[in-house]
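Q: Sequence:
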Amino acid sequence: MPDVGAACADPSVLGSGPLGVVDDHADGPAAPVSASSPSVKWAILRPEGLRLRAISAAYALYHEASGQTHIIGEEARAILAALADGPLGVRAIFDRLALHYDLDVGNGGAAYADPLVALTGRLRELERLGLVRALGT
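Per the working numbering, numbering of the sequence shown is gapless, rising by one per residue and ending at 299.
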């Protein structure tokens, strides 16, 4: 399986399609966090130990450190790709995603009234899976 870090260094890996839904294995809603806090940066935990393979409309992500395989959607893959070069704040992650996707946040309803809060929720889901961590919290 290709290395997530190496595969994500190529911007074309992000594709041009709409964001999918993260395959949420987490229990309950995401923990609240100030999405606009510049002191909070997110990083991939041990990116050298992640292996990604496309399977139909989703991705199998093998995490060597835990020995677990996660099925993730395009949205989670794109977030990990944005973090492949190093830690970023939520706004910087959003800006990178916006370079490759049409992030029309006006049509998402109340749940997406603040896209940075929605993105922080996705990051918290990836954190619960042990794939990313918040730095500076």
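Treat the hints with care, since some could be wrong.
As the list claims (entries may be wrong) - Computed beta-carbon distance windows for the label pairs: (1) Arg-215 - Gly-292: 26 to 36 Å; (2) Asp-247 - Gly-292: 28 to 38 Å; (3) Asp-247 - Glu-226: 32 to 42 Å; (4) Gly-229 - Asp-276: 16 to 26 Å; (5) Glu-226 - Gly-248: 13 to 23 Å; (6) Leu-297 - Gly-211: 27 to 37 Å; (7) Gly-229 - Arg-295: 13 to 23 Å; (8) Arg-213 - Gly-248: 12 to 22 Å; (9) Ser-218 - Leu-297: 13 to 23 Å; (10) Ala-260 - Gly-229: 19 to 29 Å.
If you're looking for bench data, these hints aren't it; they were derived computationally from the structure. Backbone N, C-alpha and C define an ideal beta-carbon position, used for all residues, glycine too.
Q: Hints first: check each against the structure and report whether it holds.
A: Evaluated hints:
A hinted range of 26 to 36 Å for the beta carbons of Arg-215 and Gly-292 is inconsistent with their spacing of about 19 Å. Range check, Asp-247 to Gly-292: Cβ separation about 20 Å, and the 28 to 38 Å hint is violated. At about 20 Å, the CB distance of Asp-247 to Glu-226 disagrees with the hint of 32 to 42 Å. Gly-229 and Asp-276 have their C-beta atoms about 36 Å apart, which leaves the hinted 16 to 26 Å range violated.
With their beta carbons about 20 Å apart, Glu-226 and Gly-248 fall inside the hinted range of 13 to 23 Å. A hinted range of 27 to 37 Å is violated for the C-beta pair Leu-297 and Gly-211, which are about 18 Å apart. Taking the beta carbon of each, Gly-229 and Arg-295 are about 18 Å apart, inside 13 to 23 Å as hinted. Distance hint for Arg-213 and Gly-248: a CB-CB separation of about 20 Å, consistent with the stated range 12 to 22 Å.
Between Ser-218 and Leu-297 the beta carbon distance is about 34 Å. The supplied range of 13 to 23 Å is therefore violated. For Ala-260 and Gly-229, the hinted distance range of 19 to 29 Å is not satisfied, since their beta carbons lie about 34 Å from each other.
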